[in-house]
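K.L.:
Protein sequence lines, in the order shown, are assigned to chains Z and A.
Heads up: take any position in the first sequence, counting from 1, add 541, and you land on my numbering.
Heads up: take any position in the second sequence, counting from 1, add 227, and you land on my numbering.
Hints in this document: simulated from the structure, not taken from any laboratory.
Among the clues, some could well be false.
Not everything, but these chain Z residues come out facing chain A in the computed CB check (under 10 Å) [what the hints assert, rightly or not]:
#	residue
1	648
2	768
3	809
Listed next, with one range per pair, are the computed distances between beta-carbon atoms [said to hold, decoys possible]:
#	chain 1	residue 1	chain 2	residue 2	range
4	Z	748	A	241	45 to 55 Å
5	Z	790	A	922	27 to 37 Å
6	Z	746	A	244	37 to 47 Å
7	A	915	Z	790	24 to 34 Å
8	A	247	Z	563	49 to 59 Å
9	A	906	Z	749	50 to 60 Å
10	A	244	Z	790	17 to 27 Å
11	A	915	Z	778	32 to 42 Å
12	A	917	Z	746	35 to 45 Å
13	Z	778	A	244	26 to 36 Å
14	Z	746	A	920	33 to 43 Å
15	A	241	Z	818	52 to 62 Å
16	A	917	Z	778	22 to 32 Å
For each residue, glycine too, the CB sits at the ideal point set by N, CA and C.
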Amino acid sequence: MAASTTGQTLAYPPASYIDPQSLMQIQSLELRAKSVVEGFFTGQHRSPYHGFSVEFTEYRQYSPGDDLRYLDWKLFARSDRYYIKRFEDETNLRCHLIIDNSRSMSFGSLGYTKEDYAKTLAATLAYFLTSQRDAVGLLRFSEHVDEFIPARYRVGQLRRVLVSLEHATDGVSSGIVSALEEAAERVRKRGMFVVVSDFLTDIEELHSRLGYLRSGGNEVVVFQVLDPAEINFEFEEAALFYDSETGREVYVDPKHARENYKKKLNEHLKNVAAMCDSLGIHIALLSTDTPLENALFDFLQTRSKVKQTQRR
Amino acid sequence: MAFLTPLYLLAGLAVGLPIFFHLIRQTPKGRQVFSSLMFLEPSPPKVTQRSRVEDWLLLILRALAVCLLALAFARPFMRSQAEAAFEKDDGRRFVILLDTSASMQRENLWEMARDEVDQILEGIEPADAVSVLIFNEKTSSVISLAEWSSLESSSRESFLREKLKELRPTDSGTNLGAAMISATDLLVEQEGRQNLESKLIVVSDFQTGSQWEQLNGFPWPENVQVELISVKVNETTNAAAQLIVNQSATDNSVRVRVSNTSLSEQEQFEIGWVDEFSAEETQIQTENAVSVYVPPGQSRVVHAPTPPQERTPQRLKLTGDQQTFDNICYVARRSPWEAKVLFIGEEAETGPESLLFFLEPVFPSTATRTVEIFDWRTSENEPPLEGATISLVIVGEELTEQQLVWCREWFKSGGQGVFVARTAEQASQLYSLLEIAPQPVREADVPDYEMLASVDFTHPVFAPFDDPRFADFSKLRFWKHRVIDVDAIPEAKVLASFEGNSPAILEVPVGKGRLVVFSSGWNRSDSDLAVWSKFVPMMNGFLEYLGKQREFDPVNYVGDELDLAQFQFESEIATIRMPDGEIATGNVNEKFHLNAKGIYTLAATEEALANENAIHLAVNLPPAESKTDPISFDLLKAAGVPIQTQSIRNIEDAQNVGDQRQLMNRELESQQKLWKWILLLAIFFLLSETILAGLRQRRTSRSVPATES
Numbered sequence: 542m543a544a545s546t547t548g549q550t551l552a553y554p555p556a557s558y559i560d561p562q563s564l565m566q567i568q569s570l571e572l573r574a575k576s577v578v579e580g581f582f583t584g585q586h587r588s589p590y591h592g593f594s595v596e597f598t599e600y601r602q603y604s605p606g607d608d609l610r611y612l613d614w615k616l617f618a619r620s621d622r623y624y625i626k627r628f629e630d631e632t633n634l635r636c637h638l639i640i641d642n643s644r645s646m647s648f649g650s651l652g653y654t655k656e657d658y659a660k661t662l663a664a665t666l667a668y669f670l671t672s673q674r675d676a677v678g679l680l681r682f683s684e685h686v687d688e689f690i691p692a693r694y695r696v697g698q699l700r701r702v703l704v705s706l707e708h709a710t711d712g713v714s715s716g717i718v719s720a721l722e723e724a725a726e727r728v729r730k731r732g733m734f735v736v737v738s739d740f741l742t743d744i745e746e747l748h749s750r751l752g753y754l755r756s757g758g759n760e761v762v763v764f765q766v767l768d769p770a771e772i773n774f775e776f777e778e779a780a781l782f783y784d785s786e787t788g789r790e791v792y793v794d795p796k797h798a799r800e801n802y803k804k805k806l807n808e809h810l811k812n813v814a815a816m817c818d819s820l821g822i823h824i825a826l827l828s829t830d831t832p833l834e835n836a837l838f839d840f841l842q843t844r845s846k847v848k849q850t851q852r853r
Numbered sequence: 228m229a230f231l232t233p234l235y236l237l238a239g240l241a242v243g244l245p246i247f248f249h250l251i252r253q254t255p256k257g258r259q260v261f262s263s264l265m266f267l268e269p270s271p272p273k274v275t276q277r278s279r280v281e282d283w284l285l286l287i288l289r290a291l292a293v294c295l296l297a298l299a300f301a302r303p304f305m306r307s308q309a310e311a312a313f314e315k316d317d318g319r320r321f322v323i324l325l326d327t328s329a330s331m332q333r334e335n336l337w338e339m340a341r342d343e344v345d346q347i348l349e350g351i352e353p354a355d356a357v358s359v360l361i362f363n364e365k366t367s368s369v370i371s372l373a374e375w376s377s378l379e380s381s382s383r384e385s386f387l388r389e390k391l392k393e394l395r396p397t398d399s400g401t402n403l404g405a406a407m408i409s410a411t412d413l414l415v416e417q418e419g420r421q422n423l424e425s426k427l428i429v430v431s432d433f434q435t436g437s438q439w440e441q442l443n444g445f446p447w448p449e450n451v452q453v454e455l456i457s458v459k460v461n462e463t464t465n466a467a468a469q470l471i472v473n474q475s476a477t478d479n480s481v482r483v484r485v486s487n488t489s490l491s492e493q494e495q496f497e498i499g500w501v502d503e504f505s506a507e508e509t510q511i512q513t514e515n516a517v518s519v520y521v522p523p524g525q526s527r528v529v530h531a532p533t534p535p536q537e538r539t540p541q542r543l544k545l546t547g548d549q550q551t552f553d554n555i556c557y558v559a560r561r562s563p564w565e566a567k568v569l570f571i572g573e574e575a576e577t578g579p580e581s582l583l584f585f586l587e588p589v590f591p592s593t594a595t596r597t598v599e600i601f602d603w604r605t606s607e608n609e610p611p612l613e614g615a616t617i618s619l620v621i622v623g624e625e626l627t628e629q630q631l632v633w634c635r636e637w638f639k640s641g642g643q644g645v646f647v648a649r650t651a652e653q654a655s656q657l658y659s660l661l662e663i664a665p666q667p668v669r670e671a672d673v674p675d676y677e678m679l680a681s682v683d684f685t686h687p688v689f690a691p692f693d694d695p696r697f698a699d700f701s702k703l704r705f706w707k708h709r710v711i712d713v714d715a716i717p718e719a720k721v722l723a724s725f726e727g728n729s730p731a732i733l734e735v736p737v738g739k740g741r742l743v744v745f746s747s748g749w750n751r752s753d754s755d756l757a758v759w760s761k762f763v764p765m766m767n768g769f770l771e772y773l774g775k776q777r778e779f780d781p782v783n784y785v786g787d788e789l790d791l792a793q794f795q796f797e798s799e800i801a802t803i804r805m806p807d808g809e810i811a812t813g814n815v816n817e818k819f820h821l822n823a824k825g826i827y828t829l830a831a832t833e834e835a836l837a838n839e840n841a842i843h844l845a846v847n848l849p850p851a852e853s854k855t856d857p858i859s860f861d862l863l864k865a866a867g868v869p870i871q872t873q874s875i876r877n878i879e880d881a882q883n884v885g886d887q888r889q890l891m892n893r894e895l896e897s898q899q900k901l902w903k904w905i906l907l908l909a910i911f912f913l914l915s916e917t918i919l920a921g922l923r924q925r926r927t928s929r930s931v932p933a934t935e936s
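Same shape as in the complex, but just chain Z (with noise of 0.2 Å):
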């Protein structure tokens, strides 16, 4: 059972979290996720399913075809009325990870690629819940769906999960909105889902998707994964770019082309921030260059959010 933390605030995280970097250089992907979750406990999220615990939330009145069991007969001996208890339920949380496996996430100027940096947020979120007993599940997909393991919590479950992020052999082109209509379709229960991309692509198509996330009831949580070279667009020489996904080919001078790429690409980054607000999705910008604690972060950040929002 999940130990509650709720109303406690959380201070931003000390500057004395792992530098990404140093971090990168550690080979195994479960011994990057143990470093950045090391001190965070288990047990932090109330369960979004209303089911029978200790803890009662509210009453309901009778109507034919409810279980007897739950009527509460006190109440009827006071007030000669029917109604049914209702409790928190508070089973563990079910989090998806969607990590984007397509070939734009191999970009990286840092000695590592945005995938790498996916892949180790993921490891580390799945390690953290998995230690607060959560059922932790994966979906992974590059131009369609490479992999899905259904969230679960039992043993192996995290190594699986591990296992599949680590053999993540690039894709091609990024197919993010047949997996997330994917994703809809075939996590039938509420949960939650993270995604992990870069979101180069439209963002019409985007909204459409996530919106079925949502109205599925999910908590969805978005971090979007640039390389710095992509916010900063810091090339000096006038270069053939090459469109990693599409294998297009441009001349590009970068001394001219700088300026409206900043503008395009800011305006891309607001619009995709908008639409996250708009649908009720808490989303994080994530530089390769940030560490991954702030991610975990945003991560408890946003969840206790969403409890304090889900108490009345």
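Got chain Z sorted already, so can you dock chain A onto it with the hints?
P.N.:
Leaving out everything else, chain A in the frame of chain Z:
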């Protein structure tokens, strides 16, 4: 080198493009792999600061390919020296054939034809050479190529026009085939000038009866082209009347064949004798005119109406058709020869043993002669008719003194005779007849029979047998004959001799006359002569030879050559009155050319023309000339005539001259087809460029690795 479409050479300016691209082409140092190009826009290329052309070989290949493509589209061709010389100096050569046959007399065909020639002359350039020939049955030159060249270029046309004005269509037939062949020969005559443009232009009505058939299979020279200019009539109905030879001895009527052309619009015609005394020149005697129905394309043979009795030359006229040039048919009715044969000798025998028995059937009367045989019996003192009217004397018995004297006189005065040796005694009288010393004549010793060993086929009488089909004299057998010593008779000519070399038939000149001696008779006891198949023609040959009368072709056509020798005039010179009344003379050993239709009168002297003995010949248009339907040019094409559709008449102004030049250039270009080779070369350069560029590309991509960070 010249170009057919020189404007395409401007496309050669496109050679600047590869040079420009070689200058501006930037070479990025490497490739930068990037996550997404969705926010990137391609930077415009920039002229490299080094301003240096890179990769000279590729540039040259590309520039060459562009230049060659432009060159190929400009369609270049080479003008050979000969052609250049031709353009400068020699010009073209034309032979114009102008039809002057009788059919050109129709409507205004002749004027149209002359106009066509005028138009042709307008298209002639000073460097061109022109020859004009006129043709009917024969081809003759109005102006030759050499004459044209020798004239001043300014006076050539007017000279030719003057000459053409003098020309008129003749009454002759048409021989288109021979004319075209001889004109072609003229064009190719000059050797070493094969490259010249030579053209044969024929201006004619191209009628069906123009004897074009001999063009079939004629090997046309390569550089000669033929242009056919046809002049056409509006009225296509043409019927003609042609005289058919009358062979009957009794029927004196005239038959004519009336033919109608296939394009005719009329079918009903009328034939009548022209009224010679009418004021109107060709008014027919309508009272006895014959009407004849001839559908188009067919012919009918009809009897002409009964001729008037007067012996003036007659004209038959056909009426009812639209073209009149061939409607008059001349008929010269010849009065029959009245041959009077005097047979001397009172024969004891009758029947086949008698000479006289065979004479009557041997000399029958025909349409051209009547033969009368008179028998001068020994009992009579005077001959039964006047000597002047006798054509031939045949001596078949021993002569009385009186007869001998008469005969001597007869021969001396130019009489003709046949002496048949019946017995040795009678034969010895020959010497006294010839007034030479008598020689013994004996009966030949013939064991069984004797045959003729040699015959003089050069003699006019035997000449017709000089043919392998008729020269067989081996069936002729002689049982008895007399041996006459030829050597004793001066100027005797042996016409046939027996196996023992003794003469069988002799010809001896006596005084002004001639005597033919048979050493054996044709009575059955002497020989098989009378039953021999060639006896009748031989005897008639002797009759005509000695009687100075020969059969001759009663129908003559304009353009024919008349053999004057056949009329056997006494003098060397014959006098001829032409249809227009003009008197001409001709050597009897030469041919006389009949060049007008009408009645020709022939006699030995001018005075004799008025005699009854004068010969009247009708000369008509050749029947083929009346076949006036135009022939299809497809037939001529099929016969191999290289007909060209481009007409010289269209080359009238400078514009057309330019067109002609352009046409020639186009032909020259299409023959040489240089563009194909140039295009092939361009493709080769492009292929080389592709291979080279590919190699370079591969090398570059190997040497500059992608800068994936």
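K.L.:
Go through the numbered hints given earlier and state which of them the structure violates, listing their numbers in rising order.
P.N.:
5
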